[in-house]
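Asker: Sequence:
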Amino acid sequence: MRLKGSLEGPTPWRIAGTASVSILFFSIDVSVSETWGEEADTVLPGVAAMPLLRAELEDSSNWQADIPAANNLLVSLRALDSARDGLVLHPLGELRISQRKLPLDVTIQKIGNQKTTDANRFSLEVDSADLRKVDDQDELFALAQYQDADDTRKLSLPAFQPLAGGLRLSVEGRQSRSSRLVKRRVRYELTTIDNNFKRFARRFFVFWGALFVHFSRGAAVARVEVSFHQKQQLQPFDTQIKAGQPGYAVVNVADNKRVTGAGMNFRSEALAREYLNQQVAANPRLAQLIHVVPHYEVNE
22 MRLKGSLEGP TPWRIAGTAS VSILFFSIDV SVSETWGEEA DTVLPGVAAM
72 PLLRAELEDS SNWQADIPAA NNLLVSLRAL DSARDGLVLH PLGELRISQR
122 KLPLDVTIQK IGNQKTTDAN RFSLEVDSAD LRKVDDQDEL FALAQYQDAD
172 DTRKLSLPAF QPLAGGLRLS VEGRQSRSSR LVKRRVRYEL TTIDNNFKRF
222 ARRFFVFWGA LFVHFSRGAA VARVEVSFHQ KQQLQPFDTQ IKAGQPGYAV
272 VNVADNKRVT GAGMNFRSEA LAREYLNQQV AANPRLAQLI HVVPHYEVNE
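FYI, the numbering for the sequence shown is 22 to 321, going by my numbering.
It is possible that part of the hints are untrue.
Claimed, not checked - Quick list of in silico lysine to any residue cross-link-like pairs, SDA-like style, CA-CA up to 20 Å:
1. 278 with 321
2. 278 with 299
3. 122 with 169
4. 154 with 109
Calculated from the structure, these hints are not laboratory results. The model shown is predicted, which means the values in this text are computed figures rather than measured ones.
Build out the structure end to end from the sequences listed, making use of the hints.
Answerer: This is the structure:
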């Protein structure tokens, strides 16, 4: 899609009117029109958005190789030269590509105070046989910097909204694989240990067990970052409280019930508004019948 339009700036000073001169029984009318001053166009020129987005994606600092979230690499890796070695991706990790210049998958009309001249909607697709898209990489964007809106809507919009700024990629297919399967016959024997000996154990030796537990609390095995002891220090309680995004939904104005076909929750107001605009474009009568509300206002 391309944006088309005209830009008009302020005109110089201009005076126009009619001068009348009367002599006895005669009247002479003379039209007067004069323009002076310098013409000045204060509207900023348009900007091409595609080169800006391409430059951000080609910047190596916007590419990051992440290790699995539940994995701890208890090894030391040598320093890598990014110019020579590039990015080293863990077999179970993810490749994160993200930028904060333009939001993706939403319609934009401007960048700051400059109108876009080449396109108004951008998206990223994976063109690789070895990598697949895991999810979008969200970044915080101020939507008022990218969409035209009146002052009332600007005040009602969230200051920053989570919108797609890139992708998270991983290896195509199964990530966890093992070597070839080998069948072996395993012989075993069952040994039963009688606990009757505990009645004849000397109580003095119980002290050594308590002493071992006491010293192990300050040992290296308890101080390592992935130990159970360190985890209990950071999270002493089993119950957890997580604060997430409220989410938004497209609902009917009459009863705040979800619109048919829009059963999902949108992670930002902009994405919900984008879906609403698509529905209104297909059926203009819906403009006064549906609106966007936070998830907690939905009539389930």
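Asker: Against each hint, give a clear statement of whether it holds in the structure.
Answerer: Now for the hints, and whether the structure bears them out:
1. 278 with 321: Cα-Cα ~6 Å, so holds.
2. 278 with 299: holds, 19 Å
3. 122 with 169: Roughly 17 Å separates the two Cα atoms, so the pair holds.
4. 154 with 109: Satisfied, since the Cα-Cα distance of roughly 18 Å is no more than 20 Å.
Hint compliance for this structure: every hint is met.
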